[in-house]
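The whole structure should be built from the sequences, with the hints applied where relevant.
These protein sequence lines are chains A and B, in that order. Be aware that the first sequence starts at 1, since it is given in our numbering, and climbs by one per residue. Be aware that the second sequence starts at 1001, since it is given in our numbering, and climbs by one per residue.
Where hints are given, some of them may not hold.
[To be verified] Cut-off 30 Å, straight-line C-alpha distance, at most; resulting in silico cross-link-like pairs (BS3-like, lysine-lysine):
hint, chain 1, residue 1, chain 2, residue 2
1, A, 32, B, 1070
2, A, 365, B, 1218
3, B, 1279, A, 365
4, A, 279, B, 1032
5, A, 179, A, 70
6, A, 193, A, 218
7, B, 1070, B, 1179
8, B, 1365, A, 179
9, A, 32, A, 179
10, A, 279, A, 365
11, B, 1365, B, 1279
12, A, 32, B, 1193
13, B, 1218, B, 1293
14, B, 1032, B, 1179
15, B, 1070, B, 1218
16, B, 1218, B, 1193
17, A, 218, A, 293
18, A, 70, A, 279
[Claimed, not checked] Some chain B residues close to chain A (C-beta under 8 Å, calculated; not the full set):
hint, residue
19, 1377
20, 1402
21, 1420
[Unchecked claim] Quick look at which bits of chain A chain B covers, simulated, 3 or more residues with Cβ under 8 Å:
hint, region
22, 12-20
23, 282-292
24, 388-397
25, 411-422
Hints listed in this document are in silico derivations from the structure and should not be mistaken for laboratory results. By construction, the Cβ of each residue, glycine as well, lies at the ideal position given by its N, Cα and C atoms.
2 protein chains.
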Amino acid sequence: MADTLHAPSEDLHETLLDMGRRARAASAALSKAGQNGRTHAIFAMADALIAAQPAILAANQDDLDGGRAKGLTDAMMDRLALTPDRVAGIAASLRAVAELPDPVGSEIARWTVPSGLDIARVRTPLGVIGIIYEARPNVTADAAALCVRSGNAALLRAGSESLQSSIAIADALRAGLRKVGLPEDAVQLVQTKDRAAVGHMLTGLQGNLDVIVPRGGKSLVERVQAEARIPVIGHLEGLCHVYVDAAADPQMAIDITVNAKMRRTGICGSAETLLMDAKIADTLLPAIASALKDAGCTMVGDDAARAIFADMEVATEDDWRTEYLAPTISVRVVDGIDGAIEHITTYGTSHTECIITEDTAKAEKFFSDIDAGIIIHNASTQYADGGEFGMGAEIGIATGRIHARGPVGAEQLTIFKYVVRGTGQTRP
Amino acid sequence: MADTLHAPSEDLHETLLDMGRRARAASAALSKAGQNGRTHAIFAMADALIAAQPAILAANQDDLDGGRAKGLTDAMMDRLALTPDRVAGIAASLRAVAELPDPVGSEIARWTVPSGLDIARVRTPLGVIGIIYEARPNVTADAAALCVRSGNAALLRAGSESLQSSIAIADALRAGLRKVGLPEDAVQLVQTKDRAAVGHMLTGLQGNLDVIVPRGGKSLVERVQAEARIPVIGHLEGLCHVYVDAAADPQMAIDITVNAKMRRTGICGSAETLLMDAKIADTLLPAIASALKDAGCTMVGDDAARAIFADMEVATEDDWRTEYLAPTISVRVVDGIDGAIEHITTYGTSHTECIITEDTAKAEKFFSDIDAGIIIHNASTQYADGGEFGMGAEIGIATGRIHARGPVGAEQLTIFKYVVRGTGQTRP
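Here it is, written out as structure tokens:
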């Protein structure tokens, strides 16, 4: 496997500027390759990944040795580890992205104005996307494929723990691009553990980096949001609430709350706070809390909740602001839907919010008054996922307010241009 | 007229943070007011503007006196001056915005996924929009109305030359909001000439300012883009090209080129460079250049162009990068559509690009390969305007790559949220 990625230079900033320029040139070629060209490219990337499996596993062994020496936890080691099956799984994900509809060139809207001009709003790639991520090596392939699907060049910055694996994966993806005659610089990986590289990317590389997508923990995302001079698409926290209304179906309230909290506790769409309508707290909270407890969840609650279900620690102000990412939930009794909306407006992080009620008018009020990327009526918050939304793949869940919110798939990695067809019009 | 806007405090940063907090609260009220509530508010703002005409004209006289003392040019003084007719015109613009369709709450897309979830993508306001602008006092009203139409609170920072007029206009708009029971803080004006106020806005006011729209000259926009820690929707330059292809209709080429350059030379959609296909430069350039000359346009050209039409100065590299905003055009002979695309890719600013040809395949290639907000076939670049696009009003033409490109109207001042309707789904 040829490694044509350049090594970190003495002058890291110059290296990154050069990567940006080459990414810009490659993005133009990717854009011109057309939908079929990009589809073939992603299939070729998948094939090349399989072909490079020995090299990838060897590189991964280096990362695992380093991780062991560094004292990574078992959970982190597991996330880092690649096996033949996992490499095959990454290739399968690439093929799934290759089969997604290509958003570039599709008409979002088209209309005619009184001057006779025929105006169309047409999707076009964002350009060059920088992705900064932490340990998991599969992100290298997933993010690169989603960028290629949407006609964008990817500039990847992997976590230091998975750097060798990521280099091997990026090499394979670039080999796939070369095979179909597309510029390998459409996928580039920053080959250094120097954290200064992130800082250089955040300045936008002299106009050659259009957007940054941070994928990682809160400290990474906070750093990116604080320092970035270019737009950021990312999510800071998923502090998701489940509000159980007086008009809830009791069994549905139990099932959804337990699923929203406990199905997987470490993902951003897991519920962190249960809000109980005071009107039914007495009757329904004991059943929900028992079910949570049986599922292995610990609870902290306000005075009203603890008066109903004793097996709860006292919830502090901090609890309402904590994304546990663990089998713990905070519980508060609120004054109906208005109390729930007020709590969520104060403590929510614009990720995913859920109401359980049989009263459609209340659901519509919740939809209207809650400001979040995803608002769910009568289903688990754990559906906050690009795959479950029918997007096929996602690069993350956005909690900002610009460009895209919620799951960010291929379509959200595009912008539009106006294509105007005239017949000789001059403006009076 | 009650002036409830607060005066600049000793601590400008604290003042601005407080304005941001109040804007955030007001934006929630504006969002909840519904489409009819916002429509009534904008009509009331127009009525209040008419009622405040004496106060506005008196304040404008202060600005005019200040401008005269400062030695503003006649053109600048004219842009600054308000008359009863101009105030009526601003009120009419507000009423036109009140009659625009309200984008908030409209469904962009809706689909069902295999789990049975019904997913809708629904427009929602951006939140709080900061607008930083230069001399023209009418922007205060236009920008505020477009923000209210789209459910957003506006934080306005007027140019110092028009500050007194802008304060009087903002007072009137706020009186209109009060009259319909909406929070006046949905429209706030920064009441200081201290340039540090801009710097504070660019930091995002602790999360209470979602996006900055700069409207002004290149130095303002460059400062905003360099310093902003929050997203910017704005345009830096409109270096628009007209490419006359070998297959152009000759008379159409003459008419469009003269109109694109000379209808109004000071606007961002005016053409700055004429690219002539080498195949027809000999026969068609003399006619186009003569027509431009007759219209009062001076020309600079490359050697090939000057060999055909002698009355041109030599074009330097700088000329290809210059937005003249004046009756001057640069002329270059290029090698067909590929040469035109290469020139535009090198020198264009992603604003508006035009091809004149009767060959539809070439037009489609131009649409596909040019990366700009607006790409026009067989019509003048001067159609680059929200009104001409049927948007009713615009806050500017965006040349960035994120969120919106081209004319930014009410719809582009929104983002979306996902509204998910379930029937009790828990995720396996």
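Taken at face value, is the distance from the CA of residue 70 of chain A to the CA of residue 179 of chain A at most 30 Å? Status violated; Cα separation ~38 Å.
Is it true that the CA of residue 1070 of chain B sits at most 30 Å from the CA of residue 1218 of chain B? 21 Å, holds
Given the hint that residue 279 of chain A pairs with residue 1032 of chain B, does the C-alpha gap stay at or below 30 Å? OK: residue 279 of chain A and residue 1032 of chain B at ~25 Å, within 30 Å.
8 Å C-beta test of the region 388-397 of chain A against chain B, three or more residues: holds (count 3)
Are the Cα positions of residue 218 of chain A and residue 293 of chain A separated by 30 Å at most? The hint holds at about 28 Å.
Residue 32 of chain A paired with residue 1070 of chain B [C-alpha distance capped at 30 Å]: Violated: residue 32 of chain A and residue 1070 of chain B sit about 52 Å apart, past 30 Å.
30 Å Cα cutoff - pair residue 1218 of chain B, residue 1293 of chain B: 28 Å, holds
Going by Cβ atoms only, is residue 1377 of chain B closer than 8 Å to chain A? Residue 1377 of chain B check passes; min Cβ-Cβ to chain A is 5 Å, inside 8 Å.
For the pair supplied as a hint, residue 1032 of chain B and residue 1179 of chain B, is the alpha-carbon distance within the 30 Å limit? With Cα atoms ~17 Å apart, residue 1032 of chain B and residue 1179 of chain B stay inside 30 Å; holds.
Within a Cα-Cα threshold of 30 Å, do residue 1218 of chain B and residue 1193 of chain B meet the stated pairing? Distance ~19 Å between residue 1218 of chain B and residue 1193 of chain B Cα, so the pair holds.
Straight-line Cα separation of residue 1279 of chain B and residue 365 of chain A no greater than 30 Å? 64 Å, violated
Taking beta carbons only, do three or more residues of the region 411-422 of chain A come closer than 8 Å to chain B? holds (count 8)
Checked against the numbered hints given earlier, this structure breaks hints 1, 2, 3, 5, 7, 12, 18, 22, 23; the rest are met.
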